[in-house]
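Visitor: The lines below spell out each chain.
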Amino acid sequence: MRLPPFELIQPETVAEAVIALANGDGEARVIGGGTALVPMLRLGLLRPERVISLHRIARLGAISADDTGLHLGATVSIAALHRSPVARSRWPLVAEAAGRVATPAIRSTATVGGNLGYAEPASDLAPALLCLEADVELAGQDGRRSVPVTRFFTGFYETALGPGEIVTGVRLPAPPPGARSGYVKFCPRSAEDKPLIGVAALVDVDPANGRCRVARIGLGAAAPMAFRATRAEAVLRGEVLDDRVIRAAADAAAAEADPVSDLMGSAEYRRQMVRVWVRRLLTRLRDEPLRCAESARDERLDEGLQTRP
Amino acid sequence: MQQYAPGDSVAYRVIGTSPARADAWEKVRGRPIYAGDFALPGMLHGAIVRSPYASARIARVDTSAARALAGVVAVLTHADVPRNEMRMELPGSMAEATAGAVLATQPVLAVDRVRFHGEPVVAIAAETPEIAAQAVELIAIDYEELPGVYDPVEALRPDAPHVHEGGNVLRRWHLRTGDVAEGFRRADVIVEHTYRTPFVDHAYLETETGIGWIDAEGVLVLRASTQVLEHFRDVADVLQLPHSRVRIEGAYLGGGFGGKEDVTVECLLGLLVWKTGRPTRLVFSREESFIGHGKRHPYVLRYRTGARRDGELVALEAELISDSGAYAALSPWVLFYSLVTATGPYRIPHVHVDAVTAYTNNPIASAYRTFGSIQTCIAYESQMDAVAAALGMDALELRERNFLRKGDAIATGQVLETEPMLAETMRRAWAALGPARAGDGPVRIARGLAASFTPYGRMCWTRDSASAWVGMELDGTAVVRCAAPDVGGGQTSSLCSITAEVLGLPLDRVVAVGRDSHFTPRAGTTTATRQLFMSGNAVLRAAEAVRRHLVDQAAELLEAGVDDVELAEGAAFVRGAPDRAVPHAAIVKAMSSSGRPMQALEKYDAPVAPTIDPLTGQGKPFNDYTFGTQAVEVEVDVETGGTRVSRLVACYDVGQAINRQSAEGQIEGGAIQGLGHAVLEEVALENGINRNPHLIDYKIPTTLDAPPVETILIESGNGLGPFGAKGIGEPAMTPTPAAVMNAVSRAIDRRVTALPITAERVLAMLAADDAPAVPSKERGRRIDGANEADAALGGAATGFRVEGPGATGSARS
Amino acid sequence: MIAIEFRLNGGARRIDAPAHWTVLDLLRDGLGLTGTKDGCGEGVCGACTVLLDGEPVRACLVLAARLSGRSVLTIEGVGADAPDPLQDAFATLGAAQCGFCTPGMILAARALLSVNPAPTEHDVREALAGNLCRCTGYVKIVEAALAAAQHVTPCASPRSS
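Chains as they are written, first to last, in the numbering used here: chain A, 1 to 309; chain B, 1 to 813; chain C, 1 to 161.
None of these hints come from the bench; they were simulated from the model.
Just so you know, not all the hints are guaranteed correct.
To be verified - Simulated coverage check for chain A against chain C, where a stretch passes if three residues somewhere in it have a Cβ under 8 angstroms from a Cβ of chain C: (1) 29-38; (2) 99-111; (3) 178-184.
Glycine residues also receive a C-beta, built at the ideal position from the N, C-alpha and C atoms.
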């Protein structure tokens, strides 16, 4: 089925993109890979007169790391992020989450910026970015600014993007050395699906006393937007991660969730699954052998590389 | 001269092997073979305006803005349709026999009323797809919503809104044998449950598609993705044209499964082509396909089964209620298949089944692979496990004790003339699962199975027939002409295999040409698992006729008796002297010179039987059945309810596999489609509105959901098809949901009675103490000797439903 | 209209297309290459899968304009010069029934084999999880992909990082 006709703008700089968006007068949409926008256009849910594609802005497609962290340009594909050696070795949580997005052909098309801007509550990337305390970089007519991802998602498919602003990239600071992280995507229907709920967690345990000093839990599809389960995190901080503490944290996370009922499942079921999967993920992270953040390869990710080109 | 007697252990050269299908090469190269792959100069693009309401009056239709749009060539409403009616033919005296029957018609374009979400109201043709889509937006229709009914049980109530004049009962069938009250008196246990199945969608990869044009002779030609070339008659009737003025070319289908058995694009496309005079393409979008085309019937199945302590089944009382949706389509016939299969493949002396299909304002339900046999299997196989549990008996032993054997009568009185091989299919499928695996932590592992029987071929009184032409070319190759639509199951390729076998040709020297309502002999619909049986037999006869001519000629050339001539590997030779061979090309040239016929047109008629008695269901409904069992292993995570089918084994008596790989492929595909029905699929309706008309929300199995499938073929030679083949297309799917239900029931120690088996439902069942799943009756005590009086089903507050200790799960086998 | 210059199945192409056309529109309606199929328009079914610079993408989601300067492989380009092991395996092992999913499947499998020449069955299933098939139950598709892997040599297609 054809898309409704529109004018396509392909700016070569961020400045040009911002100008094009401003000239659009509210009738323009920015497209990343199109995996979210194109189906909506096709269904007639949106009818922009102009579509602004960022793919010609070369620097938005770059992945790099320096002493301020991992820099992902807005048009970096999810597949490229999943494959990136520097992401896999030093920010394994975001590489792992990227590998769980949809299927290979979607990953090679969808973009980091698009994923952020669409702000789907069930995004696989968002819980990981929340745990890694990323900063989202924006550009607009008033210049550039950055918003912590923990404040970027403001509501149901809503973000802190102002009118005329675009996401230009995201910066992930280095996680605490020695931290353990993981992402669970719970798909009770088909194995290939949006998550019914998604749980990302990053924990750092003090080797001297076995107590948790950093605890971050990001939940997806458990509320109108992806969020950090801060009360669950508070339960963990300063504690030894025994079964009782983990259960208490899981209960707290379940209480913090604000899930919807939809075709995939009821709110009560989602809430219960938050409880189950937060507990399971924290238990797994506790029981896994310690992974040094500087080490080269993660076996689980390597498997992913083999199967997700 | 019958050369290939069923059951002979003949070593065939082609039959039973696994050659690559000729069409497979076209497909792996992406060659244009589907209806949507063709375009014509000046082609218009069609678009349909569909009702967003499930039940409404059409107060006003304003097409003026659409007509005014540049590039719009036609905007058609019901007034533009010469005869705005598609009829369902109801053959034989069955038509008059039931209560509340209404003439089953459906408008091509709605007149003043819409009865389901997606009902077509306006048809548009425009120069480009973009303009057509814009025109759709410009059609202004004022609807006034009307009260609707969205549940077939509700629809049967006297105060329910009427979907059509004359009430909501479309058709009733009844099956009576023995004395069911007496049967229950003799029962030591009685098990009662109510099963529910949802609307599911065919979800073929290719949506409904067609291209049409008017040819040089003024014939309206449609190249369509359709299972029924005979729809040319429907199109002709709608346009009030002579039947000979409409022709349908059958493109290869990108899947059918019964969803392209009713008219889909044909009448709308024909209308647009005829009115504009221009070539036109009409393609349903995926969303439109989900909303607009017929689905599988949801059923409510109330089953009450009685058995004696030793496992002998003595009584079955069942009520089947199906949701026909807004129009009749094939609902009465789907219901009929359910009636015949309601007992399952078992001897039950006392049977009382009442079946009714009711109109609602839900989507139309019609043909879908197994055609009413899958819903009854869900019920009868769950009942078998439940009875086994009540008796404390092994579930396989219970089945084996009651399986139909050769010489037994099914509940309609039809005596089975060949051995059903049921026990063998069951034992082999079960054994192939191998040693039981233990669960781990919250994951329980359990196994279940379902035996089944599914008719192949049409109902006996429909006088089904198929014709085929086989002819030799001067170069020694053979051509098959037979209008059997190819839905992907290898229909065309099997005809070539049969011809190659009979004529002694290598397979690559046989070609099947076209599937066309005008230019190839008519073979009927690719539905009802009838094509191998019918067109296969027609081709067999035609090939045998050609063979006789070839042999006669070859005998002359070889100076031998006809009985000593063999045909193999593209040549004729005297038996025992293969070095002195005459190639086919030489034989054919000689036939041409001597005036011997080089071709034959033959017709195969299926055996006929009188219509069955509509009040008792007694008679011979089908010529034959395919028997098979599937066994599955499931893993259930009891903390999440998540269910995964980890193993699946299918064992069928296919009679004789024509192309072994194709037979396996049908079984593998049917089983996975059945798996989707079992655990994933449900059309989400909210007061008749389809809420998940997209693949993102209507999930069908992916590679990660599908376990490896092991297929075991038994070849008894007992089929009525060529070489003793039986049909396998639909039977391949019948037992899968029941097998999964039985396995999950064992894993969670609750009786699963509704589909799909979602994680949330499983978790809810686990949480509900030890009560079996709603809405079945609760566990009771075992009844010894005494039986409650015959309480009616449905609304029975008495509920003397009983299962023995433990709701499910006999000794874990 | 947008002028698009790109490489298609090993050859240079230049075509004008409306801005709102997707790669799928361009292939089927602009270039008459109908091997790539339109199955859903949502990016879910995978019947529209083509390789863009060696990576599998959904032609129904990618705007045609994005092809500029890039290289596309469609089913029409597979096996054009020499018999392709995936095509051979799919055809001979019965992996194509109705065939509508087949072009997308073959391209997705090709993308897998280009980075993982010796996949396990699980690798194959993961890589093909985005290609729906309603006919085969995937059994013979997986067999065919594994069989082809025995014969294939890794494609030397450049991959953008």
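Visitor: Give a verdict on every hint.
Guide: Structure-based check of all given hints:
no.: 1; hint: 29-38; result: holds (count 5)
no.: 2; hint: 99-111; result: holds (count 7)
no.: 3; hint: 178-184; result: violated (count 0)
The structure fails to meet hint 3 from the earlier list, while all remaining hints are met.
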